[in-house]
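*Asks:* For this one, chain A is given, so just place chains B, C and D on it according to the hints.
Residue numbers (the working numbering), protein chains in the order written: chain A, 1 to 409; chain B, 1 to 409; chain C, 1 to 409; chain D, 1 to 409.
It should be emphasised that the hints constitute simulated quantities derived from the structure, not laboratory data.
Mixed in with the good hints there might be a few duds.
[To be verified] Partial list, derived from the structure: chain A residues whose beta carbon lies under 7 Å from chain C: (1) 14; (2) 17; (3) 20; (4) 373; (5) 374.
[Claimed, not checked] Lysine-lysine pairs mimicking DSBU-like chemistry, simulated, CA-CA at most 30 Å apart: (6) A:157 / B:269; (7) C:269 / D:138; (8) A:138 / B:269; (9) B:157 / A:269; (10) C:269 / D:157; (11) A:269 / B:80; (12) B:80 / B:157; (13) B:157 / B:138; (14) A:157 / A:138; (15) C:157 / C:80; (16) C:138 / C:157; (17) A:80 / B:269; (18) B:204 / B:157; (19) C:269 / D:80; (20) C:157 / D:269; (21) B:204 / B:138; (22) A:204 / A:138; (23) D:269 / C:138; (24) A:269 / B:138.
[As the list claims (entries may be wrong)] Far from chain D by the CB rule (all over 10 Å, computed), these chain B residues: (25) 64; (26) 70; (27) 75; (28) 80; (29) 96; (30) 118; (31) 131; (32) 161; (33) 197; (34) 202; (35) 257; (36) 273; (37) 363; (38) 406.
The C-beta atom is built at its ideal place from N, Cα and C for all residues, glycine as well.
4 protein chains.
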Amino acid sequence: MTVSREVELEGHIIDSGMMQSCFGIIMDLGGSFSVQEFDIGRHKDEESYARMLVEADDEDQLQSIVHELHQHGVNPSDPKDATLVPAPDDQVVPHGFYSTTNHPTYIRHDGEWVEVEDMEMDCAVVVEDSDSPRAYTKVLNAIEEGDLVVTDETGIKVQPPERPRDSSGAFGFMQGGVSSERPSESTIRKIANAIEETKKEGGKVMAVCGPALIHSGAREDLARLVREGYVDMLSAGNGFAVHDIERDIYGTSLGMDTESLDHPRHGHKHHIYTISEVIREGGIEEAVESGTIESGVMYECIDNDRPFVLAGSIRDDGPLPDTITDAVEAQNAIREQAHEADMVLMLSTLLHSVAVGNCLPSTTRVVCVDINPATVTQLLDRGSAQAVGMVTDIGTFVPILAEQLLSED
Amino acid sequence: MTVSREVELEGHIIDSGMMQSCFGIIMDLGGSFSVQEFDIGRHKDEESYARMLVEADDEDQLQSIVHELHQHGVNPSDPKDATLVPAPDDQVVPHGFYSTTNHPTYIRHDGEWVEVEDMEMDCAVVVEDSDSPRAYTKVLNAIEEGDLVVTDETGIKVQPPERPRDSSGAFGFMQGGVSSERPSESTIRKIANAIEETKKEGGKVMAVCGPALIHSGAREDLARLVREGYVDMLSAGNGFAVHDIERDIYGTSLGMDTESLDHPRHGHKHHIYTISEVIREGGIEEAVESGTIESGVMYECIDNDRPFVLAGSIRDDGPLPDTITDAVEAQNAIREQAHEADMVLMLSTLLHSVAVGNCLPSTTRVVCVDINPATVTQLLDRGSAQAVGMVTDIGTFVPILAEQLLSED
Amino acid sequence: MTVSREVELEGHIIDSGMMQSCFGIIMDLGGSFSVQEFDIGRHKDEESYARMLVEADDEDQLQSIVHELHQHGVNPSDPKDATLVPAPDDQVVPHGFYSTTNHPTYIRHDGEWVEVEDMEMDCAVVVEDSDSPRAYTKVLNAIEEGDLVVTDETGIKVQPPERPRDSSGAFGFMQGGVSSERPSESTIRKIANAIEETKKEGGKVMAVCGPALIHSGAREDLARLVREGYVDMLSAGNGFAVHDIERDIYGTSLGMDTESLDHPRHGHKHHIYTISEVIREGGIEEAVESGTIESGVMYECIDNDRPFVLAGSIRDDGPLPDTITDAVEAQNAIREQAHEADMVLMLSTLLHSVAVGNCLPSTTRVVCVDINPATVTQLLDRGSAQAVGMVTDIGTFVPILAEQLLSED
Amino acid sequence: MTVSREVELEGHIIDSGMMQSCFGIIMDLGGSFSVQEFDIGRHKDEESYARMLVEADDEDQLQSIVHELHQHGVNPSDPKDATLVPAPDDQVVPHGFYSTTNHPTYIRHDGEWVEVEDMEMDCAVVVEDSDSPRAYTKVLNAIEEGDLVVTDETGIKVQPPERPRDSSGAFGFMQGGVSSERPSESTIRKIANAIEETKKEGGKVMAVCGPALIHSGAREDLARLVREGYVDMLSAGNGFAVHDIERDIYGTSLGMDTESLDHPRHGHKHHIYTISEVIREGGIEEAVESGTIESGVMYECIDNDRPFVLAGSIRDDGPLPDTITDAVEAQNAIREQAHEADMVLMLSTLLHSVAVGNCLPSTTRVVCVDINPATVTQLLDRGSAQAVGMVTDIGTFVPILAEQLLSED
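Excised from the complex, chain A in its bound form (with noise of 0.2 Å):
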């Protein structure tokens, strides 16, 4: 005896590799499918629909078949309102609660489709009843006792974006993955495209920035960018405004004079240095103000009304004022930002690229930029519909970007 449960699915469901997954998944699960009803768009403008009745040995294989399905925006022909149940108590999420993707999701309630709000991946979504019912993510810290949070498989459906398939467009170039072996320059060009483009449309570029930017020369030009307004906002660690503050106060980074590479032999107190001016200060804000600061990328920051956010982070030496140690609270910080952004620039750091890669929707467009390979990787990999990765050198990047930008102004 097996059970069954009849699926749909809708749009560009060839083209767009779904209904190969789906395929796919039913096989790997072990289960088997039969195709009910399929009308496939007879042009490349039409949609296809296809509806399948999908079968396996139990309710549990079922599930986890219907389940992965979902997440692939295949959906039950016969949706059911979602189930809600209160958590029972902060932070503790109820049994077999639905943790998201990070695509477009709607919740079933009263037989409407409602829309997820701040989506992100790995949350739980919580429900508030009412007479306009509104449903949004909340990390599992963030639960508290009584939020009605969805289980199970019934009444959610996803969206994955489809990738346009236009590439004639200012964003058509991102959607390359990641290659070391691509024409740099007209890559950057490219990418400057795609911000100018962002701009226009009114939306927000977020830069997230490593300390090696600032290692490696780009300082500058990054400042100018965000002068100019082409970096709205910025998420980056402790270390990367020491550097860009010592660059500042001293002439140096770790220690080396970025113009004449000279390597003051006191340098390597410089760091410590800058850490100790700014503390006495009371922060950044007071240090640009009190005119200890006189330039470079915080300082722009702060001088055209830039929001930052320094995370904090266990390597860190000092740490300045400004710098949010918790990393909760960090990542509250970082995910509002997130939230907030249509562009994302993650500029030569990892890990603070990943912790703003965890709270992007699929749909926020990412460049990322690194000269190790295996980083671009593995930030490309999160599923967003719109991302460039470029394998190259971020202090000969930044300069031809701005150059590119604001040249062209």
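*Replies:* Relative to chain A, chains B, C and D alone:
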């Protein structure tokens, strides 16, 4: 008109490279020198002695030369007491405070040399003035108003450890730098010997672990090493513990069955479910006691009373109740462990290894294992006297190490 | 006015992704299509069938679409004979010659489909016209005046191998791509099974070896695998053989004792002395016979009649008398081995693995092991249907593999 | 009973590390020493002098110590003539032949020191005995029967170049080792200066180029550098030339349009078509003359008479008629270029850079650029006195370098 100061060098000053460094520093910084007395060790066991007059154009230049020299173990022949200045406020050091190296260091106080306790780099030195004066390091954020902080360059003696000449002992191979071109099994055998020797001396072994250790299937063997007492304490991140416990509860790591290599299609949810289960229980110890967790690295730590530190980071899911999310608190916990360790195994984690490395004096033995040569190079670059790096697969390293250690019992 | 052609797809055309690729190609190249017949496999075992009309703006565009389609296994529904043009000169192909993929390929000649022999990519196809016509690949430099070379796109059928659905067999894991996040010992166990299965089927295993295999201490275990018949033939460079023989004669590799890790100070001369000794003897076989070489990989090859190819390169010292210094001759020797191999182990060499990979049809099993993830990715990127990459240390991989294979006998 | 020999050290023997190496060697090899005379340079400009008695347990040990010492520039105080033994056969050196370092070397013959010509490492030294005797290196495969080959250790003087103390000149930065943490644009500016300085001195600049240079879009700028005379000669592989010419004929590299980043679907055939076209013409020069090739690096080499060597390898398609497929012949051609070069730019190729590096004396300036830090490390590890490595993207490096060099004219 020039200024000058007399300095002394003692020990195996040619063999250790000290004399060469010293000449280099003086010339690099634009000074000059004349050798006033030079008594070379005529045989390989004899120590040498040199007395030199260092000359510079002005007092600033002289100070900076003497500063560099003393960081390499060259000390003024006419030592004065260290200068102590009270900290003006909490977390605020006096101007010109002395920032430490990770080498054994002595402070001259009331004409006596006092050894600085808890040596680690980039700290201030605080002196407790009393009948039996003490000196110890303090990180910047731990400074309290009124602390007597060592400033300037006088009255400080640094003793970089000499690398042992004799390479025949158990630790003799631990000066080999990084290489992926060394025979793997022989190197692991040497590391096993060094661990045994450390245990025989009554020393403590600390393991610093990244999640790759679990993914790569080395979990069971590390657990055995913890159980059998070859690992006395453990430092890791939230992710390591979650992956370890996921393997226990669901048989997967990152959703992959580590035995069959099957990838149960809903396995990617195991990670977040694991966190949820441990939160529900209240913590790892509670989950062990209740029987929810029955095996693995964390289980053995609990079961055998091996202390562990789980430090949070902004890329964590969860986090687990045991994870210290505040970076400063986590550093303090790591610091305490690091100061107790006689040998540190850095296993496939850059972030946590740097954090631990920051707290280690240069006399602690360090073994660093990673598949990325850049990580190993970066970690070995901290000036430990006995350190070895190995570019290998942690998933084969730990099993072979465990076999060496456990079959020899 | 548009031009059009009818094409057919057969098999697991959705499950295998063929249909998706096909739609993508047409749209990427600016064409359009209408599906004229679509018969979907209603159960997982049934094959599907589709007939489509491909439309384009002009004949050029249509040709290029049809060209791409047929490289993905989509064939015209009205096949014509292939066009044959005689080569105008030695090493000179006719304009518009057909350049091969590495997939099984058929040429239509006199109304019959003839399978192309010795498939490999980037070759011309030469047809021998006779009562029983043959078709085979020729590399450009082997073309002789008058060879009948297939040109244009008609009359050619390509069949990309389907990736096996069922992952439960001995080779089921060999579609896993590259990952450094898989359990190492379990993966090696799977590879051992696949080797055994290949041998049971009467297949031949070819090892492609880089010098790192020797430096990392895996020499003895590879030698055992050669002796015991798990490696049937070997492809390597001059350096590999020299390092292997140096270990035999001097006990060192790159001048380091692979047991004690000691580095005899004059050890760096062993390399060049080894070459000199073998030249003096006249070759490896002579040196084995005279007793100069008494153990190791090359010794076992000679002693057990396992054919080997040593290909020269511009970085060689020496070279040994056995080394084929001409690249074209060496390629021919490698090609002959590659065409005989049923399974290829690529062990820590990019250069030789690429050379071998260039000669392999897409149906040969490939295992690629390297500590550099970029190397593994590059090697797996060649479209073999059964290939697996492992990022690990060759110095632990070979010993564990040998233990698996040799202890199970 | 011990044996002993007296040796002398002269020059900046402490500052250069020579004395330290010398003590280390003796102790590592189990010998002992007593310093008999030591005259230290009392100021930074004065040279030092030391005379030591080296003692060992037997003549073998003593020889091996003295052998090592003299490779580091320590020479016996009582030099004898070098021992010359005729080669017994073609390609066969006498037993115990002296294998060279890459440092300037002198052979004592008839009581006179004769400088060895064409220094490179791992060669034999052949002496032409006549009124004005000459000594020069020969690789093993070039040895002819009867050649007088230097054997044993006596009568040989090696002078490792001292690294220049003064870092202020045009080449002062070229001792910086490898770092990805240096400011990129400033470093490129320094390299540009060093190239200009080399040209001003009448020196020759050799470029060693990998295909990544073309894929990454740097082709046009390298072509300009060739045209304008900043590159005097070029060493590359078959693939580099093919990719360069593909870009000219088809506008693609690896099938990708390097301007638009479009990937024409049939573009992957361009590579093999390009080879076919050049074979048809008879060679690159013929294809330039006929107008088939109209631009690019190879075009500029032909057009401006810059000699080039294209060395074949087993992974080549084709090869082109210009490619030297025999590794030994190719080495000889590379060797000739390398001996003429005053500065070598190694641009994104490990294989060809190692081949060139093998032929360079330690006095040639070397700049090594690659995106893979392991490649840069390996290439810099050859003991050149003036070498700098840069971990960067060749696709941005060459354009910025060209801008520096060409805009300053």
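*Asks:* Classify the hint on residue 373 of chain A as holds or violated, based on whether any CB of chain C lies nearer than 7 Å to its CB.
*Replies:* holds, 6 Å
*Asks:* Would the non-interface assignment of residue 363 of chain B survive a Cβ cutoff of 10 Å against chain D?
*Replies:* holds, 22 Å
*Asks:* Over 10 Å from every CB of chain D: does residue 202 of chain B meet that, or does the non-interface label fail?
*Replies:* holds, 30 Å
*Asks:* Given the hinted pair residue 269 of chain D and residue 138 of chain C, is their alpha-carbon gap at most 30 Å?
*Replies:* Distance of about 16 Å is within 30 Å: holds.
*Asks:* CA of residue 204 of chain B to CA of residue 138 of chain B, is that 30 Å or under?
*Replies:* holds, 24 Å
*Asks:* Holds or violated: residue 157 of chain A and residue 138 of chain A, Cα atoms, limit 30 Å.
*Replies:* holds, 18 Å
*Asks:* Does residue 17 of chain A meet its interface restraint, that is, does its C-beta lie within less than 7 Å of any C-beta in chain C?
*Replies:* Given a least distance of 5 Å, the restraint on residue 17 of chain A holds.
*Asks:* So if I understand the rule, the pair passes when the alpha-carbon distance is 30 Å or less; does residue 157 of chain A with residue 269 of chain B pass?
*Replies:* With Cα atoms ~17 Å apart, residue 157 of chain A and residue 269 of chain B stay inside 30 Å; holds.
*Asks:* Does the closest beta carbon of chain C sit nearer than 7 Å to the beta carbon of residue 374 of chain A?
*Replies:* With a minimum Cβ separation of about 6 Å from chain C (threshold 7 Å), the hint on residue 374 of chain A holds.
*Asks:* For residue 96 of chain B, is the shortest beta carbon distance to chain D beyond 10 Å?
*Replies:* The assertion about residue 96 of chain B holds, with a minimum of 27 Å to chain D.
*Asks:* Does residue 157 of chain B lie within 30 Å of residue 204 of chain B when you go C-alpha to C-alpha?
*Replies:* Holds - the C-alpha atoms of residue 157 of chain B and residue 204 of chain B are around 28 Å apart, at most 30 Å.
*Asks:* Run the C-beta distances from residue 75 of chain B to all of chain D and say if the shortest one exceeds 10 Å.
*Replies:* holds, 19 Å
In this structure, none of the earlier numbered hints is contradicted; all agree with it.
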